[in-house]
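Counted the way our numbering counts, the sequence shown spans residues 2 to 82.
Simulated from the structure, these hints should not be mistaken for lab results. Please read all numbers here as calculations on a predicted model, not as lab measurements.
Simulated restraints, written as ranges between beta carbons of each label pair: (1) 21 / 75: 19 to 29 Å; (2) 55 / 27: 15 to 25 Å; (3) 64 / 23: 17 to 27 Å; (4) 47 / 74: 11 to 21 Å.
We treat Cβ as the ideally placed atom computed from N, Cα and C, and that holds for glycine.
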Amino acid sequence: MPRRASPRAPHSRAPRTSRSDFNTYWVRVALDERPDGRTALRLVSHGKSLIIGAFLTDEERREFAGVLAGELVAARSKTGF
2 MPRRASPRAP HSRAPRTSRS DFNTYWVRVA LDERPDGRTA LRLVSHGKSL IIGAFLTDEE
62 RREFAGVLAG ELVAARSKTG F
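Please build the complete structure, drawing on both the sequences and the hints.
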């Protein structure tokens, strides 16, 4: 019996995931706003940054930036930072 081939699309539409770890004491939330109202949300630590929330709308990024910054403050207070 012949083996079956599993065709693969040359470019997958599956989202790529990655993992990054940040120290809650050093990481900060940066919301970059352009004059046209577009935004970019980043986590910044030790001269490096990671763009997050690219799938969110600009308004959702603004809201999430505030929530995330608040959660970082709460996490720092729990750990004694």
